[in-house]
Amino acid sequence: MAGENGTGGTPLRGLLPLAALLVLWQLTGDPDSPYFPPPSEWFAAVRPLVEGNELLPAVAATSLTFLIGLGVATLIGAIVGTLVGSSRPADRALSPSLEFLRALPAASLVPVATLILGYTTQMKLVVVVLPATWPILLACRSARRSLSPVLLDVPRTLGLSRRHRATKILTPALLPAVLLGVRVAAPLALIITLLVEIVTRVDGLGSVLGAAQANFLSAQVYGLLTITGLLGYLVNWVVTRADNAVSRRMRGEP
Amino acid sequence: MTRSSEPTGHGTGSAAGTDSPGATNGTDGTDSISCEGVGVTLSGSSGALDVLGGVDISVARGEFVSILGTSGSGKTTLLRVLGGLLPATTGTVRCHGSVVTGPADGVVTVFQDYVHSLLPWRTVRRNVGLGIEAGCDRAERDERVDEALIMVGLRQRADEYPWRLSGGMQQRVQIARALATRPRVLLMDEPFGALDAMTKASLQDQLQQVQELTATTVVFVTHDVEEAVYLSDRVLVLDGSPAAIGLALDIPLERPRHQVTTKESADYLRLRHRVYEALGHDIGERARLGEHDHA
Amino acid sequence: MPEASAVASRVPPSKALRGRINAVGAAVFVLGLGVWELAVRTGLLDFAYLPPPSDVVVGLGELIETGQLQGALAHTLFVALSGWALAGLLGVAAGSVLGLVRPVWRYSMASLEALRALPIVAFVPVAVLLYGFSARMEIVVACYAALWPILLNTISGMRTEQRLIEVGAVLRLSRPAVLWKIRLPAATAQIVVGLRLGLSISLVLTLVAEMVGNPAGLGFLLVDKAEALQPAQMFAGVFVVGVAGIVLNALLMVAARLAFRGQLNAAGEGG
Ligand SMILES: Nc1ncnc2c1ncn2[C@@H]1O[C@H](COP(=O)(O)OP(=O)(O)O)[C@@H](O)[C@H]1O
Ligand SMILES: [Mg+2]
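Chains as they are written, first to last, in the numbering used here: chain W, 20 to 273; chain C, 219 to 513; chain H, 24 to 294.
Here chain W stands alone, though its shape is the one from the complex (with noise of 0.2 Å):
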């Protein structure tokens, strides 16, 4: 029972009610069904966006944007999370317009980012990044409120500079915080990339997907929704390992 308890340890039987599911549907399933084609339609209907050299290019436009989006939020957080989180009077003067700032749903500033920047991928850039910056930011905001002072004050004792101060004190001690704020953020950047390039179809794989929708091409809709999947699961898989590392490493543990 001890192994089921982490989220790591559920048991891979789980999977057979979607196998099942999915061997059902396949059976059953009408291959001209305009709603449910059965899965061995999806991957044939993908097959030609493959051939047509639409697919690869589509994958890395939405890696691209999520990548670069990812990263530039992950710096505006960690900065701007370490400075509110370094001021009382700075984060009381700025918390409403932050909390205002947040509140406002990721799928409503496409339209803002499309009048002002056109249809390009700066503009893809300005929508991932906003929502992506919070989950970093506020994890690095209380950690570096729940900083000790003693911390703070090795440094100073020894005499470092205010370089070696970030360099060597905070960045170590606020890493953690910001991997989490990434593991978070990471999915949700995903989400928000495909979310653009459904809804103004500026390349990538969402505006693929959105493009198979509008023309009813409901197994290749299927397909690349499994594609999103896949994507997802190494966006997943890659961030889970990479916190999971650095905090052992962090722990002193090999």
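Hints were generated in silico from the structure; no laboratory data involved. C-beta atoms are modelled at their ideal positions from N, C-alpha and C, and glycine is treated no differently. Hints are not guaranteed to be accurate.
FRET-style restraints, in silico, Cβ to Cβ [unchecked claim]:
(1) W/Pro191 with C/Gln427: 50 to 58 Å
(2) H/Leu113 with W/Ala63: 31 to 39 Å
(3) H/Leu73 with W/Met269: 39 to 47 Å
(4) C/Ser384 with H/Leu54: 45 to 53 Å
(5) W/Thr259 with H/Gly90: 47 to 55 Å
(6) C/Asp355 with W/Tyr54: 52 to 60 Å
(7) W/Tyr138 with H/Gly55: 24 to 32 Å
Counterexamples of contact, computed for chain H against chain C with all Cβ distances above 10 Å [stated by the list, open to error]:
(8) Gln91
(9) Gln93
(10) Ser134
(11) Ala267
(12) Leu271
(13) Leu281
Using the hints provided, position chains C and H with the ligands relative to the given structure of chain W.
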């Protein structure tokens, strides 16, 4: 023995340190809770572990028995078996004559970690009432809750949430919750283990009074020798691997006992010495006893 | 201001009061708007379609006057709340079963985790495919989106601390009593967290569904105003969306605190 009305099966001998022939207290008719040949094997990360083997215990009605052992010796495991929370691998547990297969009626366990044992969303009053909500009407429940709260001295804090109270108070809430069910047997697992010395002493005396008042049978697990000797009618030392009862010692000290005078009496010191010896602490303990003798 | 200072002098600077009135924060917010206004008016910020806040206020007035805002807001709120409520029922029920019955959990959790990896927005095209451009499609999307946080939080909330279950056993509580008096209350704070997350996600996905599917509600209003090149009205719409999110969340928290005071206090969320 002040509680002479409660037969313990060992007569009313006044000489300190009478060794009982075994842990078993041969008065079947008055046994409150007992176990015979209990062995427990737990599966740990490094394979199966024989925690207990061949444990025989028999506790008379109204008796206060302490189970003493070093940390990790299997005290909690034994108490969980007695309380029906853990099935014994071998042997049987009986409570008032019937074999225990799950938590028995009238037997309540008080856990060491009071923080996790109280419902944080209920006030003190509603925590104490938890065990009697099904069986009693409102008026009776209120009365019994009040009675239990008065016994532990928490009547004034009834409407607080437990997490607003100090550790000692929280443990008293847990004890009151057990008392409100009017248990016949109280199983306590290092109930004062996490408390500071002063709080511990005052709770020991409160427990003494409550037991005097209610004549509840108490099985008290502790790793604190002084506490065991001070509170008990009988001390059982758990040791070995798998653990069994190594020493069973009657504690015929007068009741009511007193934190200062009882602990200064020669009988108390001699009993304490014997227990320490059984635990393998003889050298250091002899030195301290010598000091006392010179004083 | 005189009122505020009178209150402040009578009441000690309690945590609650400081938490409620944040004059500095409000001033910074207003200041930010002022800077925005100035920057646009003086041409410092020069985007063709970035209106100054004063224009946005005018746009808001226009939206209200024509009744567009009220209609769109009502539609979006109705959809988001219906989807969310449905998800609440489904999520808490299914989450309880999954959290309480180990075999069910063992034989389905991995499937759920696999499904969860599918980004929820990617389901919008599927829903449009299945249900067309309808309010029903929106509700399905909103419900699916809100279902995940509610379901997962309920499952993990139902993993009651073993000690509390033992307390129930020791006090001889019946199985229904353990469920009702121990497990559910112990899970409440976490279920409320799930409901809050679910509410904000259902609002987001409702907007997406309106942007790419059903031409109704605030989501459609936003893209419509953007395409009609009426940035002032569109920004007003964005503002309303933000406020709606904040108000919904606040209402939910107030309701939860009224209903589950003890549980939320215990979880440190009593406020
Ligand atoms: N659930 C368990 N699974 C495996 N081993 C356990 C379990 N609980 C306790 N043990 C082991 O049993 C032994 C006795 O534990 P315990 O009864 O808690 O000791 P005590 O209460 O005397 O400190 C210890 O070695 C402990 O590691
Ligand atoms: Mg123990």
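Evaluated hints:
For the hinted restraint 50 to 58 Å between W/Pro191 and C/Gln427, the CB-CB distance of approximately 55 Å keeps it satisfied. The hinted window of 31 to 39 Å between H/Leu113 and W/Ala63 holds, with their beta carbons roughly 33 Å apart. Separated by about 43 Å at the C-beta atoms, H/Leu73 and W/Met269 satisfy the suggested range of 39 to 47 Å. Under the hint 45 to 53 Å, the C-beta atoms of C/Ser384 and H/Leu54, about 47 Å apart, fit the expected range.
Look at W/Thr259 against H/Gly90: about 49 Å separates their beta carbons, and that is inside 47 to 55 Å. Between C/Asp355 and W/Tyr54 the beta carbons are some 59 Å apart, a value that agrees with the proposed interval 52 to 60 Å. Between W/Tyr138 and H/Gly55 the Cβ separation comes to about 28 Å, which falls inside the hinted range of 24 to 32 Å. For H/Gln91, the shortest C-beta to C-beta distance to chain C comes to about 45 Å, beyond the 10 Å cut-off, and the non-interface label holds.
Listed as a non-interface residue, H/Gln93 keeps its Cβ farther than 10 Å from every Cβ of chain C; the least gap is roughly 40 Å. No beta-carbon of chain C is positioned within 10 Å of the beta-carbon of H/Ser134; the least distance is around 29 Å. Every beta carbon of chain C lies more than 10 Å from that of H/Ala267, the smallest distance being close to 31 Å; the non-interface claim holds. Residue-level check passed: H/Leu271 sits 25 Å from the nearest beta carbon of chain C, beyond 10 Å.
Separation of H/Leu281 from chain C is adequate, the least Cβ-Cβ distance of about 14 Å exceeding the 10 Å criterion.
In terms of the numbered hints stated before, the structure departs from none.
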